[in-house]
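Taken in sequence, the protein lines are chains U and V. Heads up, the first sequence is in my numbering, so the first residue is 1 and it goes up one at a time. Heads up, the second sequence is in my numbering, so the first residue is 1 and it goes up one at a time.
Just so you know, these hints were derived from the structure itself, not from any lab. Watch out, some of these pointers could steer you wrong.
What the hints assert, rightly or not - Heads up, incomplete: computed chain U residues facing chain V, CB under 8 Å, no partners named:
no., residue
1, 42
2, 48
3, 103
Stated by the list, open to error - To spell it out: a stretch of chain V is covered by chain U in this simulated footprint if at least three of its residues, at any positions, have a beta carbon under 8 Å from a beta carbon of chain U; those stretches are:
no., region
4, 45-52
5, 103-109
Said to hold, decoys possible - Looking from chain U toward chain V, a few residues come up when the C-beta cut is under 10 Å (computed):
no., residue
6, 73
7, 80
8, 83
9, 93
Each residue gets a CB set at the ideal place from its N, CA and C atoms; glycine is no exception.
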Amino acid sequence: DTGVSQNPRHKITKRGQNVTFRCDPISEHNRLYWYRQTLGQGPEFLTYFQNEAQLEKSRLLSDRFSAERPKGSFSTLEIQRTEQGDSAMYLCASSPTDYNEKLFFGSGTQLSVL
Amino acid sequence: DAKTTQPPSMDCAEGRAANLPCNHSTISGNEYVYWYRQIHSQGPQYIIHGLKNNETNEMASLIITEDRKSSTLILPHATLRDTAVYYCIVSFRYNQGGKLIFGQGTELSVKP
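Isolated chain U, as found in the complex (with noise of 0.2 Å):
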């Protein structure tokens, strides 16, 4: 068990540029989750995969954002056309059943846009 794994762990891009996260789950966690953190707070829910399928995505997910998990395994995130707001920790965490207790989290992509 080798854990979540994110790459990278750390993002600088200019304002305008698009940038890709990748999330790598526990094997066979069939479910993964994204959550998006600023300093200070606590993290924000943003989607959640059960297997390819992304069954739910929160308000905070503009349209510039978009999240895929062919195959059921790995993840990435996209952010098209980066904002200054968008700087802020993304975590991914997966889980292998429904129950919260069971959430493991990565140490997530610091993303700095300047």
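With chain U fixed as given, assemble chain V onto it according to the hints.
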């Protein structure tokens, strides 16, 4: 919005018990109390959860009042490695989508 209220920060001496309070006066009958913590530069980590009985595991104890409107997380012998933000979350156990709603949490500083 988060359904819980926690103090923004607390200090604790190393080796002493850390008692972290949480108010959840609007909790419904089927909702559980969950505690997660987040050490700096890491993702949140599950600690413990409970419905109405007190719970204990290798990490902590959870004391829930009889009316279930508040709870306390107890770290019996705090170490420097317990310095983290602690989140108290109220949620149904089976949460389709698993979207736990985190508040701002309590920043616990364990001091030598």
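Hints and how they fare:
Proximity of residue 42 of chain U to chain V holds as hinted, the smallest CB-CB distance being about 3 Å (cut-off 8 Å). Nearest Cβ of chain V to the Cβ of residue 48 of chain U: about 5 Å, under the 8 Å cut. The hint holds. With a least beta-carbon distance of about 6 Å to chain V, the hint placing residue 103 of chain U at the interface is held under the 8 Å criterion. Look at the region 45-52 of chain V against chain U: 3 of its residues bring a Cβ nearer than 8 Å to a Cβ of that chain, three or more, so the hint holds.
Using a Cβ-Cβ cut-off of 8 Å, 3 residues of the region 103-109 of chain V lie near chain U, which meets the minimum of three, so the contact claim holds. For residue 73 of chain U, the interface hint is violated, since its Cβ never comes within 10 Å of a Cβ in chain V; the closest pair sits about 18 Å apart. A distance limit of 10 Å between C-beta atoms decides the matter here; for residue 80 of chain U the minimum to chain V is near 24 Å, and the interface restraint is violated. For residue 83 of chain U, the interface hint is violated, the least distance from its beta-carbon to any beta-carbon of chain V being 23 Å, above 10 Å.
A hinted interface residue such as residue 93 of chain U counts as satisfied when its beta carbon comes closer than 10 Å to some beta carbon of chain V; here the least separation is about 7 Å, so the hint holds.
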